[in-house]
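With the sequences and hints as input, model every part of the structure.
For reference, each letter of the sequence shown is one residue, going 12 to 235 in my numbering.
These are computed hints drawn from the structure, not numbers from a lab. Quick caveat: nothing in here was measured; it's all calculated off a predicted structure. Heads up, a few of these hints could be off.
What the hints assert, rightly or not - Label pairs and their calculated CB-CB ranges:
id, residue 1, residue 2, range
1, A79, F189, 27 to 35 angstroms
2, I39, T123, 40 to 48 angstroms
3, T123, L23, 27 to 35 angstroms
4, V202, P143, 39 to 47 angstroms
5, Q163, T123, 14 to 22 angstroms
6, Q163, N126, 12 to 20 angstroms
C-beta atoms are modelled at their ideal positions from N, C-alpha and C, and glycine is treated no differently.
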Amino acid sequence: SNNALGMSGCHLFAFKYRRRYISEGWNITDIRQEYIRQGLIDHTKWQLVDNSDWTLIETYPSYIILPAALDLRAVKSAVAYRSKGRLPAVTYRHAATDAIMSRSAQPLVGITLKNNKDDEKLLDLYRLKGLPYDNKEQEVPAKFYIFDARRQIAATLNMAAGKGTEDVSTYTNTDLIFCDIDNIHVMRAAVTSFADTLLPGGIVTNSSSISGSNNTVHLANGVT
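Okay, structure coming up:
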């Protein structure tokens, strides 16, 4: 302990000899500037939600973008329906088409196939590019796609733990696509094994060990 050594913790090697940073890591960037760049700030269709105390969503940025048509009650309801509270939040807006990309964690569907009207409303607002009602919908309904990174069997098995994937029958004009990416442990092992076959200079020591393994398959699934 520090007392036994007769010195304070700040004099120990691990504390004294460490890299010094010019600024605190959390302050390197302001995500609001990225939202401004994408045209999401001061836009009637979108709202900037303050999450700077992380009481709404512990693992999301200090500010997130959500549809302006969604009130706080609905936001909290949608948060409660997603694993770790990670509701679908805007990550990208296409400047020309206004199309939106969002990210989220899996819904808490469970074996009873629970649904959530506020989550359905949130995704429908993304489908309609933030508009609660669009006259064009009567003629050509917009399509919405949910990409689940997992294999379908993995999503199904997660239902036993109270999670799962979206039941697209409860979402308007929505398709669900599984990307067939293995879990994080398999992907990490594939990357590590792939790296182990390369020398520091990037020279392949045994090309057959790469082409004959599943590592490239895992990596291809992860990047395509």
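For each hint, the structure was consulted:
About 32 angstroms separates the C-beta atoms of A79 and F189, a value consistent with the hinted range of 27 to 35 angstroms. The hint said 40 to 48 angstroms for the Cβ distance between I39 and T123, and at roughly 44 angstroms that hint holds. Between T123 and L23 the C-beta distance comes to about 53 angstroms, which lies outside the given range of 27 to 35 angstroms. Our hint of 39 to 47 angstroms for V202 and P143 holds, since their Cβ atoms are close to 43 angstroms apart.
At about 19 angstroms, the beta-carbon gap between Q163 and T123 stays in the expected band of 14 to 22 angstroms. Between Q163 and N126, the C-beta spacing of about 19 angstroms keeps the proposed range 12 to 20 angstroms intact.
In the structure shown, a violation is registered for the earlier hint numbered 3 alone.
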